[in-house]
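Given chain P, work out where chains V and A should sit, using these hints.
Chains as they are written, first to last, in our numbering: chain P, 7 to 354; chain V, 9 to 291; chain A, 66 to 347.
FRET-style restraints, in silico, Cβ to Cβ:
1. V:P67 <-> A:L327: 46 to 52 Å
2. A:A237 <-> P:E36: 37 to 43 Å
3. P:G145 <-> A:F254: 32 to 38 Å
4. A:G252 <-> V:Q65: 54 to 60 Å
5. A:P239 <-> P:G47: 19 to 25 Å
6. V:L147 <-> A:P115: 35 to 41 Å
7. V:L278 <-> P:E36: 54 to 60 Å
8. P:E262 <-> A:G152: 56 to 62 Å
9. A:D148 <-> V:A15: 18 to 24 Å
10. V:K200 <-> P:R299: 52 to 58 Å
11. A:T209 <-> V:A272: 33 to 39 Å
12. P:Q111 <-> V:E182: 54 to 60 Å
Partial list, derived from the structure: chain A residues whose beta carbon lies under 8 Å from chain P:
13. A247
14. A251
15. R255
16. I260
17. P263
Here are the simulated DSSO-like pairs of lysine-lysine, each with C-alpha atoms no more than 30 Å apart in a straight line:
18. A:K240 <-> P:K121
19. P:K309 <-> P:K336
20. A:K147 <-> P:K109
21. P:K219 <-> A:K240
22. V:K200 <-> V:K177
23. P:K121 <-> P:K109
24. A:K240 <-> P:K175
25. A:K240 <-> A:K147
26. P:K109 <-> A:K240
27. P:K109 <-> P:K120
28. A:K147 <-> V:K177
29. P:K219 <-> P:K336
No lab work stands behind these hints, which were simulated from the structure alone. These figures come from a predicted structure and were not determined experimentally. Where is the CB? At the ideal position from N, CA and C, for every residue including glycine.
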Amino acid sequence: MAIVQTRGLTKVFREGQAGAVVGVDLESREGEFLVLLGPSGSGKTTLLRMIAGLEEPTSGDVLIGGVVVNDMTPRERRIAMVFQSYALYPHLTVLGNIVFPLKAQRMPREEREKKATWAADLLGIGHLMARRPRELSGGERQRVALARAIVREPSVFLLDEPLSNLDAKLRASAREELEQFQRRVGTTMIYVTHDQIEAMAMGDRVVVMNHGKVRQIGTPADVYDDPADTFVATFLGSPPMNLVQSDYAVIGFRPEHLVPAGASAPASPSSLSLSFRLDHDEYLGSERILYGRLEGGRFDGEKVVSRLPATFHPDTSSGSALPFQVERRKLKFFDRESGARRDPVAVE
Amino acid sequence: MAMGRRARRALSTAARWGTLAAFSAGLSFPFYWMLITAFKRTSDLYDLKNNPFLFHQPPTLEHLRLLFQETLFPRWLWNTALAGAGVVAITLLLALPAGYALARLTGRWGERLGIAIFLTYLVPPTLLFIPLSRVVAALGLQDTIWSLVVVYPSFTIPFSTWLLMGFFKSIPRELEDAAMVDGLTRFQTFRKLIVPVSVSGILTVVIFSFTLVTQEFVYALTFISSASHQTVGVGVPIYLVRGDVYYWGSLMAACLIASLPIGAVYNLFLDRFIAGFTFGSVK
Amino acid sequence: MLAPAIFYVLALVGVPFLLAFVYAVGDVKVGSTGYHFVGLDNFASVLRSPAFRRALRNSIVFTVCSQILVLVFGNILALVLKDAFRGRRLIRFLVLLPWVAPVSIGSIGWKWILDSLYSVVNWVLIRLRLVNEFSPPMWLGEPTLAMISVILVHTWHVLPFATVILLAGWTAIPKDIPEACAVDGAGYFRTLFQITLPMLRPIINVALLFGIVFTFTDMTVIYILTRGGPYDTTQVLPSLAFFTGILGSDLAEGAAISIFLLPLLVLVAWRMLRTAHRAEVG
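If we strip away everything but chain P, and leave its shape as in the complex, we get (with noise of 0.2 Å):
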């Protein structure tokens, strides 16, 4: 088991324009499952493929261990790695995919198969030994791939969206299958995907990248509910948060937080009126969406989504605006440029 750290990390493709990765500081903790969050173009992968070893860094170091090593190869600083393609062997057997690292390593062949047998066991695919990948299914494949992986007992699982190829009803069961491996084999596993559901399920933190900075690091309750700036707290979060104009700050709110006034929350000192206007709404089974429009006070035409459980229905016969609200200590403030989170500022 080992830590791994970044200092300072960047990488530049091409002189004179932006940097891939901006000076990232990073630390991982023992076993945790660290996600790598960012839209593509942030910068999640080339980090990783700079842990890894594939890709070279401009300048800042990677320690693994507290060992720099930026000068080892991969192989040398014992990380395991999952392509998002899977990368499997296609003319070997999966026998012959789990094997091939530990024939690298010049293992003698007994002790070769039953590390395999070991590996294949505990992801439930030593009946699959003696096909080839393309006779697998998408998530058969993927357990093959961290086969490989975990048979060299690696000190980091490194895994690059690898259930970004699965189709998404797979995908669920993909998800539960890697979360429960990790938790069973307790080796640190970073993980890089721009999905943000799967960050929220799977991670124990999250790193949230964009273009190339890490704006924020914290488990999901934190990420969620206590954004670092503008682009955490709406890149998060789907509707993403309501984001509207005030003079001196950008203010937030949650769509599950902006709620019918009366109801269930009777109005209150601790709670801000706003009212709605509604444009549509989208039922979706187990809740309802409704897109509309702030009307009157400082936030006229200001567009924001709410978003309510199935049972209530909007009341649109009046063609009125809707008195809606939302709790004071729901609401999130952020500075007008940079749009990182600043203190609270009195709303009217």
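For chains V and A alone, kept in the frame of chain P given last:
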């Protein structure tokens, strides 16, 4: 690894460039040599004491003059151009509709015929040349350039059909369906709509067929017996002699002229050939 | 729309193909008008002739040696060409020249380079003190050297074509496979021999099959460099068929000789169809 990362990378870069240099030099050397020989004076050329890589006397255009004024070389160029034009015409005439038909033919037969046409390409001239020499004689075409114009399409058509088939397959069907809804027959659709759109594919076939004509040796050697009726590909290596003596200066000049233009054109179109080649195999 | 093309090809390929058999089992000579069926006599006499057996052996040596060289060098060349670099277009032009220039032209160029008196190769070798000035190698005049020369020139001619095919295979290997090998701890040679080359096998097959067909049935390089000499030591089946059937006017025997090209062609065609079929299914 004992070596540092940077050292390893420097070594592999050096190895790579070294290999590239060796291969480029080795593969293109003969043409470089043709260039030097073509412009070296005969006395310089045949003086064994001289370093052959250097000019010890000023370069000369004498070999070129001789080539164009005292040999059949210009005649051969003309014959080859004529043959090329004829073959290209016949090939286009027959391969265009065939390629189109095959591309639009659905079902197993389309594929089967496609493969069959491709297989004929594998039948070598050195098997067919003996019976064909009789056929050519029977047609009264022996010792004429027209024997080649008749025979060459037998191998330019299959490959051109294959190329065009792949190319046509990439044209969306909706274009034609729209035309046919507007009342055109299949052939009219082909003529008015498909042909203009396929200029690129047609150009590729033209270049390909023409270069095949210039490169062919066996049939030309077999069917044509008199020097003045020959193509460049056979004339240059066989007939640029006087008695037993090769006139290397003029010979190399002829080689240069016969190879570099084709080389340049082929290089320009190589990507298309590859695309056509792989297109044909994409179902 | 398909008919004219099919008819043309059938007439100029199919008919002569059948005619070859007809001649081979007859007694046709150039200028003769009669035809008598002689059964397998021609084949028997061909098989008995030492010239044929030597040509057959030469054909096999010629094909096997050049194909080995082509595959080894072709892969090396594809390996260095597959990644983009500055000047790639120019290098590609130079590398392609042996294939795109007419093979007869390239061959006569080599004849000059290997000339008995004025060979530039010998000049260099003499200067490097690798050979004796007074008895330099006769590249086209001595039997073993002539065979070597012919093999090398043919390899030179075919190499670009094979490289293009192999290059397609090399570029098709996904980038993350060698990365997975690096992560798994495989060194350069293990990656090459246990992962990359096996993955290239289908493409290598294609290049090999084409190469075998072109080499076994080709006579141009040999005709121009040595005319089959010295003393028939570089004679191969196709050139023997030419000398016998066309220059020697014995069409029957010439046809019989060239028919011996068929078994190999059939084998190659069968393998190609199998590979194509498997590619479809897999």
